[in-house]
Amino acid sequence: MSDACSVPRMGHDDMSDIMVELRGVDKWYGDFHVLKNINLAIDRGQVVVVCGPSGSGKSTLCRTINRLESIDQGSIVIDGRVLPSEGRALRELRANVGMVFQSFNLFSHLTVIENITLAPRKLRGVAKEQARQHALALLDSVGIASQADKYPAQLSGGQQQRAAIARALAMRPEVILFDEPTSALDPEMVGEVLEVMTKLAEEGMTMLVVTHEMGFARKVADRVLFMDEGEIVEDRSPSDFFNQPETDRARAFLSRIL
Amino acid sequence: MKHTHLFDSPGPRGLRLIRMATAVWVAVLLLIVAYVVWRLDARGQLAPGKWLPFVTNVKLLKFLGEGLLQTLSASSVALVFSLLLGIVLAVGRALGHRLLSLAIAAYVQVFRGIPVLLNMLFLFLGVPLVLRLNISAYSVVVIALVLYNSAVIAEIVRAGIAALPSGQRSASLALGFSEFQTLKYILVPQAVRLMIPALVSQFIIIIKDSALGFIVGFHELTAKAQNAALQLSNPLQTYIVIGIVYVAINLLVAHISNWIANRKTNTAG
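Top to bottom, those sequences are chains A and B. So in the working numbering, the last spot in the first sequence is 258, and the numbers never skip. So in the working numbering, the last spot in the second sequence is 269, and the numbers never skip.
Hints were generated in silico from the structure; no laboratory data involved. Nothing false has been slipped in among the hints.
Once the Cα atoms are required to be at most 25 angstroms apart in a straight line, the calculated DMTMM-like pairs of lysine to aspartate or glutamate come out as:
{"hint": "1", "chain 1": "B", "residue 1": "Lys184", "chain 2": "A", "residue 2": "Glu86"}
{"hint": "2", "chain 1": "B", "residue 1": "Lys184", "chain 2": "A", "residue 2": "Glu114"}
{"hint": "3", "chain 1": "A", "residue 1": "Lys122", "chain 2": "B", "residue 2": "Glu179"}
{"hint": "4", "chain 1": "A", "residue 1": "Lys128", "chain 2": "A", "residue 2": "Glu114"}
{"hint": "5", "chain 1": "B", "residue 1": "Lys184", "chain 2": "A", "residue 2": "Glu129"}
{"hint": "6", "chain 1": "B", "residue 1": "Lys184", "chain 2": "A", "residue 2": "Glu69"}
{"hint": "7", "chain 1": "B", "residue 1": "Lys184", "chain 2": "A", "residue 2": "Glu92"}
{"hint": "8", "chain 1": "A", "residue 1": "Lys36", "chain 2": "A", "residue 2": "Glu86"}
Excised from the complex, chain B in its bound form:
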């Protein structure tokens, strides 16, 4: 990673400009932070009593921890099934049968277009009515996330396959592999590797979107925080704390996948 910039290395005048812009940007940022802190303090929002429970109140931490586990569990399950279904859909589309492609394209367009929140409501209201089945809030959230994210991942993997040099497919066919075997052994493994950054972004979106589950009574991190905030009467502090938790989780996810991706590309030269 020697040359990471897309442009010419800046000359002396460019460097001065960059330094000045950086200084201005940092100054503005500091001013905004200072103003926010000052206003919060003026309104008594920085009082230790409002923040200390997040360190000392074991019951509260346990309560929020349960929510965090639910968030991680639903997101991970949704990720696995979205990935599997997304790859199946992308493969189905790449096989080139017209009717199958059309059906998959329709699926992608519909479920990529519907807000996840609406998906959850449809499932929550519709499944008991149509199938006469009781469906748990957890299942509603996971299925709604899978419907949306499998559609997005199908497109990501399809783009990855399209981005591969056409010679990879020719070489595989020339050896005697079928179209399906070519996708399975040659194209999809490379496309998924190529698309790891996009797939990581999608996992982060899944984690964040799981918070929408509160609408169907799913007790994940955000819903738990809402409950806790009502009892402690410190909603702002609670939401700031769980906001930080979300960012921390997503940083961790990004780091782990970077590490995996780097290991892969290092061994692949």
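Chain A on its own, in the form it takes in the complex:
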């Protein structure tokens, strides 16, 4: 297979270097068992796509990794450190884990450039001009340098999501979580966001991507996780997953969306 697995990567040479690890993670919403005994290790530089039917727990899984959602059992280890449950340690860890949301969530009272420079300036004490230069470089790399001084409401959905990716990158994170980054976009804008994500993956960024974009999964992912009813049902290379899914549940899911 000449698929995604063989895509050469830069920035990592030691494949046993684990960036994110979940061990025996369980979570309930009341009686609803939303995450069931999740065990998962993501190597540095890996791109892992999570797919599955709605309500399968994939977004919740994504949000537990920077503790936007707490877990009831098990442990999460990021870059060798156990995810702290509160305080300064948790905030420092979150600053190291970027997140991109389905609904962009740009700060609506700030311009694009202010959205990007706020966290580096306030949390890392980066000087204003330096933060601005970095932000402009990031905006350039996601292709919206000309939108720097506009407010989020003046941008298209695709531009907003690219600005949100630049905002996450501004903190120089070691891993980025994407929670359905293209689900709220008009179809013609999905491509421009996936392009930026593909570029990031090629640069060696560690990424966990919850998405239904199977083309992206095929082309870019190192692994595809298929979730259903709170469980990881399959954890395979994209070519294996798409060509010969092991479980009926995955087969049924793929036949619905492809």
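For this one, chain A is given, so just place chain B on it according to the hints.
Just chain B, lined up with the frame of chain A:
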């Protein structure tokens, strides 16, 4: 602002109905005004001698002007401190510590529930007794207004924070901001902007409530007018004139804040 109405645009029958209702309403209004003017004239209340002092009597205008300044000064100071205290209270409550929230909720319930007039009397009578302190009428009025309005503004800002999309908070926390920083940089600035119309209404209430200061001997516009009316023996005319002044001030306040709000929302797309 193309579509300002909440309902379907009216059809021909609806338009006829609206025109008829408008005509009836205007007619009734004109009749009432005409009747009032006619009755006032019959009782000699429209005599030029009763109204001219408000144009010609410089001493009177200066006297009332001093009251107006006191009104504006006390209201503005009260607004600034109410806003600051209100935001602090709203932030305190949004931080989610149970005991702090409870204490703030109690403050809000108590001071939102007490009439401002009673607050003034409590301060006027209580402070000298309890603290053995002389307190000026000006301070009594400002503090009483701040106690009440900070409680109301705390609730306004809290509602504003609650109305923001939850993603704003998630995005801020995900970047590594603390709850307090999230409130400071992200949520409160947006909530205050969202709540500008409600805050303007509250400023207008402050301006009007400052008139209650006459009860503790605060010489603001209404108290001055009362004095002037006694000397000129034209109380009705005096109160009409200062009533117009209050409306004019509040229109001005509303206009200025609309202008500010529009500028803000224009730049924010």
